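Protein chains in written order, with the working numbering: chain F, 1 to 388; chain D, 389 to 530.
Only pairs whose alpha carbons sit at most 25 Å apart, straight line, appear in this in silico DSS-like list of lysine-lysine:
#1 D:K455 with D:K444
#2 F:K254 with D:K474
#3 F:K254 with D:K479
#4 F:K254 with D:K497
#5 F:K254 with D:K501
#6 D:K501 with D:K455
#7 F:K340 with F:K52
#8 D:K444 with D:K501
#9 D:K479 with F:K340
#10 F:K161 with F:K52
Quick list of the computed label-pair ranges, beta carbon to beta carbon:
#11 F:G261 with D:G437: 34 to 42 Å
#12 F:D286 with D:G452: 12 to 20 Å
#13 F:A257 with D:T470: 22 to 30 Å
#14 D:T480 with F:G348: 23 to 31 Å
#15 D:D422 with F:R241: 53 to 61 Å
#16 D:T480 with F:A378: 21 to 29 Å
#17 F:H345 with D:H448: 40 to 48 Å
#18 D:A425 with F:R341: 53 to 61 Å
Just so you know, the hints here were simulated from the structure itself, not pulled from any lab data.
Treat the numbers as computed from the prediction; the structure is a model and nothing was measured.
Virtual Cβ for every residue (Gly too), placed ideally from N, Cα, C.
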Amino acid sequence: MTEPTTSRSDTTSAARTAGPTRVVWDLGVRAFHWLLVAGVAGALATGLLERKSLFDLHVYLGTAIGVLVLFRVVWGFSGSTYARFASFVCSPFTALGHLRDLLTGKAPHHVGHNPLGTWMILALLTTITALLATGVIVLGGVAKEGPVKAFATYAFGHAAKTVHEGLAFGLMGLIGLHVLGIVVESLRTRESLVGAMIHGRKKNRADDIGAAAATARPFIALVLAGCAIAGAYAGTEALARLPARGVPGPVLDKVYAAECGACHTPHHPSIAPAATWQAIMANLGDHFGDNADLDADAGQRIGAYLTANASERWDTRAANRLRAPSASEPLRVTHTRGWKRLHRHVPGEAFASAAVGGRANCARCHRDSDSGRFAARAIAIPQERTKP
Amino acid sequence: MKHLRRTLATLLVLAAGSTATLAGKSAAQQAIQDGYAAAARAADPAFKGFSAERGKAFFHAKHGGGKPETPSCTTCHTSDPTAAGKSRAGKTIAPMAASRSPERFSDQKQVEKWFRRNCSDVLGRACTASEKGDVLAYLLSL
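Pulled out of the complex, with its shape left as it was, chain D reads as follows (with noise of 0.2 Å):
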């Protein structure tokens, strides 16, 4: 009876969750969004929601200031984001879209470790709370 109750409670989550996806996003990742407005909103009071322009700018965007080797998001993710990325060290990173890996942006502590460590690669420094949800509104919306 308990273990009844288990899979349709999971049943009903995975619903949700598919038709949230349909939807757009998942609930995970409306709440990750959701926290970086947050961020963002109490770092600037003009703040206004995210824009996918803007992630787009930023994600094919050559910065300055991390290694000379990463000088950009595309680098490692190639300027497709639907398409197969490949890291340094030769490993296949799926791609960046969520349409084609709807598993991505749905754990905050991972979204978190990739722009921590990428930022910090490509840019010298920590990503804002507005740079990282415009970047997850662009690809979320491919």
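So that you can see chain F by itself, here it is in the shape it has in the complex (with noise of 0.2 Å):
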């Protein structure tokens, strides 16, 4: 028995249509979209509380979803009918025509995506791959970590940074409408879509309207999506093991280490601008209240190299964010505008607390200030124990 079926293509995809229901989503788009699912609600918790330690989660996460962007690409060229970008893709005036019989009420019944649903996929994917572009340029740019750390700079990461968090709260919006769309269609068809998307199944009507029927090549997909991914994990390692833009060394000069090193904790030069380094230097006799004089030869040296190494010619986080100097107290890191922003979740006791020893102790947390990278992985707040 064939049934009738009023259908804009000229061929429907007859093996499919036997029975009460057909499966339109194949594995492939069932596990794509919930691996998505997962992977966006993670990112978006973990980008949005804005926690360091959740920083790495948050990088992988969005590598996770990458790697599902570039699968489902493949597979909109290689899945099988209603997978295929071919057999939904279609003209933004066709979804405002859509739209307009969805409110008349004369809206026909698609089996794959609708027209509009069309343009929710694509207005996602596109804002997805948006975020992945602008974290990638955070990552090399503020961190100085991944696959463009060595082109992109500090203020290019930064104004990426606002574009991923405004794109972050766009995709939100998308979300609300795309789950909007799935509870008035669900009504609309007294079908679950969110079922369809779990099992793959949907019913068989007299008026629907299908696709070119296609087979599936999960073989070539999983080939392709696999050189794919291969090659991008490839050229990131290639390009990751370029030398960071504008990252110091990791070492310290030796004679400075062990001078200023012997009293406290020999600050990395890239935390200061070059004037703030040359007062410090020409005031030795009075160093934030003790004589730390030194001889004529070593205060010399010191000083270049303080001066050679300054924040000016750094483009780390702390050598941007601690460049300009505090105008009541120009000598002291820790009253910049900058030090106090970047501080401003750590609990003023945890200063005080004997395990850190004051707000100048910078290498009792950053376990790298050596190396004046300040990562933000790198930070361990000492955890005093409580007296019984």
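Combine both chains into one complex, guided by the hints.
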């Protein structure tokens, strides 16, 4: 028995129309959809919380989302009928026409994505891709990590962060509209679209608009996606081996480390501008209340080292944020607006604790302070044991 | 050959150094002491040598004239020179007693630098050669 079908396309996938239901969403589409839901939920949560401890997880989730999107693009050319872009991509005017039909109650029933759904998918995929791109730029410019660390300046990364955050809110708006669309369409067609995305099946209807049948090519898809992912991975690895832009070498000057490190943690020269270092070196007789006189030759060498490696020379987050001295206490890095902002989540008691020993003791919490990187993941605030 | 000779020479110097340490102080430490003795004699012809006792009293005394936060050597070095101290910025200072930190008092420049800084902070003036020699005698005797 053949059902009478009113179809805009000449051929419907006859093999799948037999019986009361048919498989519309293949395993590739379903797995992609729900993995993407999990990945995006995790990425939004870890991103919006802005916890440094969640930063690595956020980057991993972003990478996983990138892999999923890559797979989906490949599957859009090699999946089964309704997974293929050719089966659903339409002009925006078609989508507007569908919206008008919906409002007048004349909208037809599409087996796969309807034209409005198509444009939602395109908007979601584009926004997610833009989030991935801006995320990589933030990672490179601000954290000086990842594939573009050799090219992205701090200023560029910082600007990309604003775009990244804006896109994240845009994505949440799109997700809201997407869920609204699912609810409306489920009510209109009296068929749960959520269920369809879980088990993959939809009811056969007389007025279905189908698409030309296409056979899934999972083997080709996996090979293609595998090659694309391997290529992206190899490219990222190769780029990550380049030196990060504006990041100092890992070793402090020996004389500087020995002389200044005798009394306090030797601060990396990149955390203050040259003028601050010169003012400090000119007044070692009263160095924040202590006499820290140096022999002339040691003083000259240390002064030259600090000036040559001051914040102006480097492009790390610390160098950028600590470049402007405080007006009231020009020699104290801990009084700069940038320092205060960067440490705004650290409670005052943490600095006062015996385990830390004050705000100037950078190395106590920043395990990479010697290198001037001050990476988020290298922060470990020592926990003071509470007395019983 | 040249390499071997240099190694031998180094070993000899090290051996001489360690024997001197066992005997009380190294050649370098003795030289610094001698320098202070010569300066003290030049300042006061009646100078009769350094005293570990006087050095001990000086080290533990509460001096005036310097900064109120640092009235004594013991402020940072603690009253036990064989124990580690702590700088005002929170950095650990190795024990002052030469028996615990054998590399101490072997570099004239370093010794002078620390006397210059710390005498200014604790006493508000430079220390005399005889005060420095006494303190050294005390810390070398522990």
